[in-house]
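The lines below spell out each chain.
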Amino acid sequence: MELDNAKKVLEVKHLKQYFNVGKRDEVKAVDDISFDIYEGETFGLVGESGSGKTTTGRAIIHLYTPTSGSIKFNNQEIIGLKDHQKMQQFRRDMQMIFQDPYASLNPRMKVKDIVAEGIDINHLAKDDADRSKQVADLLATVGLNRDHASRYPHEFSGGQRQRIGIARALAVQPKFIIADEPISALDVSIQAQVVNLLKQLQRERKLTFLFIAHDLSMVKYISDRIGVLHYGRMLEVGTSDEVYNHPLHDYTRSLLSAVPVPDPEYERTRTQIKYDPKYEDGSKKRELVEIVPHHFVQCSQDEIPMYQERAKEMGLSVK
Amino acid sequence: MQSNETILAVNHLKINFNTYAGKVKAIRDVSFDLKKGETLAIVGESGSGKTVTTRSIMGMLANNAVVDGGNIQFHDKDVLKMSERELENLRGAQIAQIFQDPMTSLDPTMRIGRQIAEPLMIHKGVKKEKAMAQALEMMKLVGITDAENRINDYPHQFSGGMRQRIVIAIALINYPEILIADEPTTALDVTIQAQILNLMRELQDKISTSIIFITHDLGVVAGMADRVAVMYAGKIVEYGTVDEIFYNPKHPYTWGLLSSMPTLDTNSAELASIPGTPPDLLDPPKGDAFAPRNPYALKIDTEQEPPFFKVSDTHYAATWLLHPDAPKVTPPDQIIKRQEKFAEMQKAALAKAQHHQIEEEEEQQ
Ligand SMILES: Nc1ncnc2c1ncn2[C@@H]1O[C@H](COP(=O)(O)OP(=O)(O)OP(=O)(O)O)[C@@H](O)[C@H]1O
Ligand SMILES: Nc1ncnc2c1ncn2[C@@H]1O[C@H](COP(=O)(O)OP(=O)(O)OP(=O)(O)O)[C@@H](O)[C@H]1O
Ligand SMILES: [Mg+2]
Ligand SMILES: [Mg+2]
Chain X
21 MELDNAKKVL EVKHLKQYFN VGKRDEVKAV DDISFDIYEG ETFGLVGESG SGKTTTGRAI
81 IHLYTPTSGS IKFNNQEIIG LKDHQKMQQF RRDMQMIFQD PYASLNPRMK VKDIVAEGID
141 INHLAKDDAD RSKQVADLLA TVGLNRDHAS RYPHEFSGGQ RQRIGIARAL AVQPKFIIAD
201 EPISALDVSI QAQVVNLLKQ LQRERKLTFL FIAHDLSMVK YISDRIGVLH YGRMLEVGTS
261 DEVYNHPLHD YTRSLLSAVP VPDPEYERTR TQIKYDPKYE DGSKKRELVE IVPHHFVQCS
321 QDEIPMYQER AKEMGLSVK
Chain V
744 MQSNETILAV NHLKINFNTY AGKVKAIRDV SFDLKKGETL AIVGESGSGK TVTTRSIMGM
804 LANNAVVDGG NIQFHDKDVL KMSERELENL RGAQIAQIFQ DPMTSLDPTM RIGRQIAEPL
864 MIHKGVKKEK AMAQALEMMK LVGITDAENR INDYPHQFSG GMRQRIVIAI ALINYPEILI
924 ADEPTTALDV TIQAQILNLM RELQDKISTS IIFITHDLGV VAGMADRVAV MYAGKIVEYG
984 TVDEIFYNPK HPYTWGLLSS MPTLDTNSAE LASIPGTPPD LLDPPKGDAF APRNPYALKI
1044 DTEQEPPFFK VSDTHYAATW LLHPDAPKVT PPDQIIKRQE KFAEMQKAAL AKAQHHQIEE
1104 EEEQQ
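Sequences listed follow chains X and V, in order. Heads up: the first sequence begins at 21 in the working numbering, then just goes up one per residue. Heads up: the second sequence begins at 744 in the working numbering, then just goes up one per residue.
By construction, these hints were calculated from the structure, which means they are not laboratory data. There are no misleading hints in this set.
Distance ranges between label pairs, derived from CB positions:
1) X:Glu97 / V:Gly765: 51 to 61 Å
2) V:Asp1026 / X:Asp261: 46 to 56 Å
3) X:Tyr122 / V:Asp1026: 22 to 32 Å
4) X:Ser88 / V:Asp889: 32 to 42 Å
Here the structure is a predicted model, which means the values were calculated and not measured. The C-beta atom is built at its ideal place from N, Cα and C for all residues, glycine as well.
All chains, full assembly: derive it from the sequences and hints.
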């Protein structure tokens, strides 16, 4: 992917999403994060449990009203958008696939009605025959057949249910899909099927993905670029090869060193890096700074030389 | 540490479930043994029978389960023939279990110190005060900080990772001979997972418990297991040492499983995936149950079930591909790479052994 000339489809600036504001149990789930996503790429969001991945996804798709900040989709500001028609277009263009294929499908609805939900809301079918045809095509696209249309969710395996969720998201011809842990609940061999399907759809339909997961090898495999979240803050952003092979932030290094690898020899010699959060304490103002071209680290002005030094040690050309 | 003493032997186990739809043949002739101090990992697709196998070892099968044959030898006793009282003692003192979701094994209304101490009081007759002191020690051992002040807290006051530590403390307080861990870290993120796995390894070294570890994360298996058993449709289809299974797998199902997981340096356009869905255990297919999904299937696979073929003293696989008359096939690329590594490792081991021999001979002279 040629990053210099790529078109930005999503621009997130200083996004904050707090819960229970002003109360004793206030949570700064997302605390001033900024990043861009380019057209046609997969941006992976990683971080430990509670780091704010889901909250970020939900804020972007406007399931929450952000505490502050700016979210631009195709140059259109989404936060505070009043124009009904533009909002409806946004709701079509951006779709979400959820983690739990069991909980996210209404058990009392037939598969065809689940898949056609968006078609109905947006009046995308000319008549009943057209609706049925669209549903059949969507099911075929995700590798299910038209006989499945009249069945109920409980008659399907986890992998098949996740395909139904994907078909539902695709029904309104979105341009951008947020996938929140879409494969975590699935068996390894089924995970591969679903990931291959997502990649194929991306090629065929020029989709852009925000892919959230805690399985770091899968995120690395599927993503062009990656952002590392920790306590609601973005600590490092770069291409997935860069972030995995040349991590600059201590937290990223520690996180990667904890990933189990299906290679016993490697596992026998793996040493885990302990994390010391000294470069995350609240004493300084820190922002994402581009240390190596397209490779950003959250740091304060006086920490920049240290990260430049780290980059040089790894043979990278500093910006 | 590992020894050669077998402490558990499962022989020709068969378990069915009676359901409205008919008889689900969940476990179809499973045999394996467990050595003192070793970690045996059981891997395989969802529904392949991992949990049912280990539940039968604990004598905890569902009401609609029927044992259709086989035995489970634990210290010259057959677990399947034990009385409820014997089983209770077995579960409390000799074989312990931890599950994926710690909340299922914790009592939300009981203070955690008391929960950890209880097995000692019930099964070992230890007095309350002494048991609580031991519980405190155990809390420290599993890495609960500020244990003195937290001993009277309730489960909900802890994070998911801490709760799993408490479950481990309860499971290990009686120094059980066997610990069964069924997806113990699946719900945790990598950082916490690494802590829990380290903890399990450390404790195993200290009290030389044998561990049966069920997970579908092959990375975790690579780091934890001494030996691995691969299950498919209610049978073990391949078993061997962790190196044999990861670097020299022989069964096409194991090939599929290993290739469908990306490593941090997988760059191919497409992940290998196992096509199709698992077989219906109400009516398992004739012959090799994996045949309909197996790109390497032979004609005989649809007719006759493959026996175990020996690969080494420790490594066996049930696939007709190992029959001397079977055609030579080329495994997936990722597997070939793994086999190349295996060949290198063996060469290195051989060279080392020869080197030792020469040194010894020189010493003798
Ligand atoms: N509706 C809410 N009200 C209050 N706090 C919330 C709410 N939603 C999330 N949080 C808190 O915000 C933080 C971030 O949660 P979030 O679900 O975004 O994490 P995550 O990175 O998706 O974690 P996981 O990997 O466990 O899914 C957590 O501390 C969580 O408890
Ligand atoms: N009480 C029961 N009644 C009927 N069938 C059952 C019962 N318990 C388990 N089974 C069936 O037995 C088979 C083996 O189930 P088991 O739970 O051992 O699978 P598993 O390998 O542990 O899978 P997973 O990875 O999903 O946990 C499955 O086909 C399951 O549906
Ligand atoms: Mg989440
Ligand atoms: Mg199970």
